[in-house]
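**Q** Position 315, counted from 1, in the sequence shown is what UniProt numbering calls 315; the numbers after and before it change by one each time, with no gaps.
To be clear, the hints were calculated from the coordinates, so they are not data collected in a lab.
Any given hint could turn out to be false.
Computed list of lysine to aspartate or glutamate pairs in EDC-like fashion (alpha-carbon distance at most 16 angstroms, straight line) [claimed, not checked]:
#, residue 1, residue 2
1, Lys-58, Glu-206
2, Lys-305, Glu-286
3, Lys-101, Glu-286
4, Lys-17, Glu-201
5, Lys-244, Asp-182
6, Lys-181, Glu-118
7, Lys-64, Glu-89
8, Lys-148, Glu-40
9, Lys-60, Glu-201
10, Lys-181, Asp-238
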Amino acid sequence: MLQLQEGEMVTEFFLIKEREIKQASNGSDYANFLLERNLEVIPAKLWDITAEQKEKLKRKAIVKVEGSVLTYRGKLQLTIQRIRVATEEDQVNVSELISRKGVQREVLWHELRLMMEEVQSETLRAIMKQLFSRRILRERLTTIPASKSYHHTYYAGLLDHIVHVTQSALQLLPLYPKVSKDIVVTTCLVHDLGKTEVFTEAVAPEYSTTGELMGHIALGLELVYDAAKEAGIPSHNDELIGLKHCIASQFGEVSQGFGSTASPKTAEAIFFQHIKQMNTMLHAFEMVQERTTEAWTYSPMFKRKMYTKEHDHGNEEG
Numbered sequence: 001m002l003q004l005q006e007g008e009m010v011t012e013f014f015l016i017k018e019r020e021i022k023q024a025s026n027g028s029d030y031a032n033f034l035l036e037r038n039l040e041v042i043p044a045k046l047w048d049i050t051a052e053q054k055e056k057l058k059r060k061a062i063v064k065v066e067g068s069v070l071t072y073r074g075k076l077q078l079t080i081q082r083i084r085v086a087t088e089e090d091q092v093n094v095s096e097l098i099s100r101k102g103v104q105r106e107v108l109w110h111e112l113r114l115m116m117e118e119v120q121s122e123t124l125r126a127i128m129k130q131l132f133s134r135r136i137l138r139e140r141l142t143t144i145p146a147s148k149s150y151h152h153t154y155y156a157g158l159l160d161h162i163v164h165v166t167q168s169a170l171q172l173l174p175l176y177p178k179v180s181k182d183i184v185v186t187t188c189l190v191h192d193l194g195k196t197e198v199f200t201e202a203v204a205p206e207y208s209t210t211g212e213l214m215g216h217i218a219l220g221l222e223l224v225y226d227a228a229k230e231a232g233i234p235s236h237n238d239e240l241i242g243l244k245h246c247i248a249s250q251f252g253e254v255s256q257g258f259g260s261t262a263s264p265k266t267a268e269a270i271f272f273q274h275i276k277q278m279n280t281m282l283h284a285f286e287m288v289q290e291r292t293t294e295a296w297t298y299s300p301m302f303k304r305k306m307y308t309k310e311h312d313h314g315n316e317e318g
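Using the sequences and the accompanying hints, generate a full structural model.
**A** In structure tokens form, the structure reads like this:
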């Protein structure tokens, strides 16, 4: 966590997440940046930006920044004194700047492969085999975030989300024997694959045109439909329909306006919707908690202040 205080000097490597060129009242150009380091984002300003700097200091560039911290409109930002693009000699890995500590994509991918073996249905296994054998989908799945700003917003964040949701399902499913394990586990593993068409890169990702126009649920359903067709599974297959319904209803009731194209109407859809929601919300809360030292912190996802003081369970009196 960047422990910044007003007045201090900072010398660090950052990823340029966003850049905007503007003109000052004296006619000179300046740049507003959003700089990212280890999931922390801070605004920064570079006055009197040169033509050469405009060419080099673009989105996704790794830069070494020297600047002072000040408060502007109640928020901390950097005023840049010196800035340069990182070189090979600096040995800075971009994935490290946008990663979360402890998240290892190789380990997560291994976990996903093991959890695929939990599914006994030949139909659903065939669909997953078709999907996860696609090289581009696999490369994106193991690197892109799950979202831009709400949850799992880091390198391999989508894979982390999928694995954790599936782990939660496997823990809870024994308590609900009438819920189809095969449909739920398959849903957990493939429900967000549409995001591999929404975010096509891991570094400072932007929504693709297709992603903006279609949304990840529609794109995910298309991927499942294509995989089933390639596997020779008819469109009226009950397990396929059950899987697609869970994907379509993953955000709960349509009337809530969160993005579902159908309201949950099966036991599997109800089960899946709630474990996905739990994972998303608790993770978003955890990320807010990691980035603050305050007892109360505003969360963009919850749109309210949350009680973010960590409890010291080791010192609780019994």
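**Q** All hints, please: hold or fail.
**A** Verification of the hints:
1. Lys-58 / Glu-206: Measuring from Cα to Cα gives roughly 14 angstroms; hence the hint holds.
2. Lys-305 / Glu-286: Distance ~14 angstroms between Lys-305 and Glu-286 Cα, so the pair holds.
3. Lys-101 / Glu-286: Between Lys-101 and Glu-286 the Cα gap is close to 13 angstroms, so the pair holds against 16 angstroms.
4. Lys-17 / Glu-201: Judged against 16 angstroms, a Cα distance of about 13 angstroms means the pair holds.
5. Lys-244 / Asp-182: Roughly 13 angstroms separates the two Cα atoms, so the pair holds.
6. Lys-181 / Glu-118: 8 angstroms, holds
7. Lys-64 / Glu-89: 12 angstroms, holds
8. Lys-148 / Glu-40: 13 angstroms, holds
9. Lys-60 / Glu-201: Status holds; Cα separation ~11 angstroms.
10. Lys-181 / Asp-238: 14 angstroms, holds
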